Amino acid sequence: MSAFLLAQTDVIALTDTEAWVINGFFYVLAVVGLLAALKMVTTKNVVHAALYLLIVLSVVAGVYIILGAEFAAATQVMVYIGAVMVLLLFGVMLTRAKIGDDGDLDYDQKWIGALTSVSMFAVMGYSLWEAFEDDKLPSDMMPQRTGEVANSIFSQYIVPFEALSMLLLAALIGAVVVARRD
Amino acid sequence: MFLNQFLFFAAGLFSIGVYGVLTRKNGVLVLMSIELILNAVNINLVAFGAFNQDISGQVFALFVIAVAAAEVGVGLAIVLLIFRNRRSIDIAEADLLKG
Numbered sequence: 001m002s003a004f005l006l007a008q009t010d011v012i013a014l015t016d017t018e019a020w021v022i023n024g025f026f027y028v029l030a031v032v033g034l035l036a037a038l039k040m041v042t043t044k045n046v047v048h049a050a051l052y053l054l055i056v057l058s059v060v061a062g063v064y065i066i067l068g069a070e071f072a073a074a075t076q077v078m079v080y081i082g083a084v085m086v087l088l089l090f091g092v093m094l095t096r097a098k099i100g101d102d103g104d105l106d107y108d109q110k111w112i113g114a115l116t117s118v119s120m121f122a123v124m125g126y127s128l129w130e131a132f133e134d135d136k137l138p139s140d141m142m143p144q145r146t147g148e149v150a151n152s153i154f155s156q157y158i159v160p161f162e163a164l165s166m167l168l169l170a171a172l173i174g175a176v177v178v179a180r181r182d
Numbered sequence: 001m002f003l004n005q006f007l008f009f010a011a012g013l014f015s016i017g018v019y020g021v022l023t024r025k026n027g028v029l030v031l032m033s034i035e036l037i038l039n040a041v042n043i044n045l046v047a048f049g050a051f052n053q054d055i056s057g058q059v060f061a062l063f064v065i066a067v068a069a070a071e072v073g074v075g076l077a078i079v080l081l082i083f084r085n086r087r088s089i090d091i092a093e094a095d096l097l098k099g
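Quick note, the sequences are listed as chains X and P, same order. Per our numbering, the first sequence runs over residues 1 to 182. Per our numbering, the second sequence runs over residues 1 to 99.
One thing to keep in mind: the hints can contain errors.
[What the hints assert, rightly or not] Taking lysine-lysine and the DSS-like style, the derived pairs with C-alpha atoms no more than 27 Å apart in a straight line are:
(1) P:25 - P:98
(2) X:44 - X:110
(3) X:136 - P:25
(4) X:110 - P:98
(5) X:39 - X:110
(6) P:25 - X:44
(7) X:39 - P:98
[Unchecked claim] Here are a few chain P residues that face chain X, going by a calculated C-beta distance under 10 Å:
(8) 6
(9) 11
(10) 13
(11) 16
(12) 18
(13) 23
(14) 53
(15) 59
(16) 75
(17) 96
[What the hints assert, rightly or not] Across the chosen pairs, the derived CB separations fall in these ranges:
(18) X:133 - P:88: 46 to 54 Å
(19) P:86 - X:86: 34 to 42 Å
(20) P:74 - X:102: 20 to 28 Å
(21) X:103 - P:74: 25 to 33 Å
(22) P:2 - X:83: 32 to 40 Å
(23) X:101 - P:87: 17 to 25 Å
(24) P:94 - X:122: 25 to 33 Å
(25) P:99 - X:108: 20 to 28 Å
(26) P:94 - X:15: 55 to 63 Å
(27) P:85 - X:163: 31 to 39 Å
(28) P:86 - X:14: 52 to 60 Å
(29) X:107 - P:86: 12 to 20 Å
No lab work stands behind these hints, which were simulated from the structure alone. No experiment lies behind these values; they were computed from the predicted model shown. Beta carbons are placed, not taken as given, at the ideal position from N, Cα and C, and that holds for glycine.
Here chain X stands alone, though its shape is the one from the complex (with noise of 0.2 Å):
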């Protein structure tokens, strides 16, 4: 166990070749991200739209996943595909939304929203590109491990912790009785 610990904290810089594939895999990711993105906010079938974001949800872990992240990718699995993606059925269920295609589901004025998402985007793409160009991560990028997110959350940031906690609470004591029937 101690070797194989050891194998894996030895500093190994990623060849050409590898970092080639990795830079395929991510921009594969990134095109199917931005396609079902696309799609969740235009199909007209909410059911849908719920699978397309499923889809978006996927690729986002895929990309922590090529970040090196681990821990955030498994969490992102279970939270948003495992909970979150159930909430919203259950969503899309008890509001009795029409299965199949729904015709009314847009504004009318959807050029103003395509216009602001747009524009919003233009702004933050030269303001990024004006920031870090071509800055490129470090190659000896090291995964960050679940040990290390452990260490840092239960020492730096366990105040946050904490206040999260009772945030989550109160947050389900608040839900339940909002939609309580009485």
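Model the placement of chain P on the given structure of chain X, informed by the hints.
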């Protein structure tokens, strides 16, 4: 790998999410678009964490995921309440506060 390729991907997801929030009438679909926006922010946090080789980015992404779960719970409860009172989750019709 460039840092910017992750940031641009996140910016794209964010903009698409904003478009969804602005154009969708259905309350549940608006919540889904908000999830898209939160995910874009998380990608940024994790990407900067990897860029600076700092664990804090990932920790903050985890915090955002937890807050997003709480937000979905409360948001859906509110949408269900609106549906129960008005028989519709059309956001455009929930305008009681309009002057």
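Outcome of the hint check:
1. P:25 - P:98: Holds, because 17 Å separates the two Cα atoms, which is no more than 27 Å.
2. X:44 - X:110: At roughly 14 Å apart (the allowed maximum being 27 Å), residue 110 of chain X and residue 44 of chain X satisfy the hint.
3. X:136 - P:25: Distance of about 41 Å is beyond 27 Å: violated.
4. X:110 - P:98: 22 Å, holds
5. X:39 - X:110: Within the cut-off at roughly 15 Å; holds.
6. P:25 - X:44: 11 Å, holds
7. X:39 - P:98: 32 Å, violated
8. 6: 7 Å, holds
9. 11: Holds - the Cβ of residue 11 of chain P comes within 10 Å of chain X, reaching about 4 Å at its closest.
10. 13: Holds. Min distance 6 Å.
11. 16: For residue 16 of chain P, the interface hint holds, since the closest Cβ of chain X sits about 4 Å away, which is under 10 Å.
12. 18: Because about 5 Å separates residue 18 of chain P from the closest Cβ in chain X, which is inside the 10 Å limit, the hint holds.
13. 23: For residue 23 of chain P, the interface hint holds, since the closest Cβ of chain X sits about 4 Å away, which is under 10 Å.
14. 53: 6 Å, holds
15. 59: It holds, given that the least Cβ distance between residue 59 of chain P and chain X is near 5 Å, below 10 Å.
16. 75: 9 Å, holds
17. 96: Residue 96 of chain P check fails; min Cβ-Cβ to chain X is 16 Å, beyond 10 Å.
18. X:133 - P:88: 46 to 54 Å: Holds, since residue 133 of chain X and residue 88 of chain P (Cβ atoms, about 49 Å apart) stay within the stated range.
19. P:86 - X:86: 34 to 42 Å: 25 Å, violated
20. P:74 - X:102: 20 to 28 Å: Hint holds: Cβ distance 25 Å, inside 20 to 28 Å.
21. X:103 - P:74: 25 to 33 Å: Since residue 103 of chain X and residue 74 of chain P have Cβ atoms about 30 Å apart, the given range 25 to 33 Å holds.
22. P:2 - X:83: 32 to 40 Å: For residue 2 of chain P and residue 83 of chain X the Cβ distance comes to about 33 Å; the hint holds.
23. X:101 - P:87: 17 to 25 Å: For residue 101 of chain X and residue 87 of chain P the Cβ distance comes to about 21 Å; the hint holds.
24. P:94 - X:122: 25 to 33 Å: Roughly 32 Å apart at Cβ, these two residues keep to the hinted range, so it holds.
25. P:99 - X:108: 20 to 28 Å: 23 Å, holds
26. P:94 - X:15: 55 to 63 Å: Once the Cβ atoms are compared, 57 Å apart, the range 55 to 63 Å for residue 15 of chain X and residue 94 of chain P holds.
27. P:85 - X:163: 31 to 39 Å: Hint holds: Cβ distance 32 Å, inside 31 to 39 Å.
28. P:86 - X:14: 52 to 60 Å: 56 Å, holds
29. X:107 - P:86: 12 to 20 Å: Hint holds: Cβ distance 18 Å, inside 12 to 20 Å.
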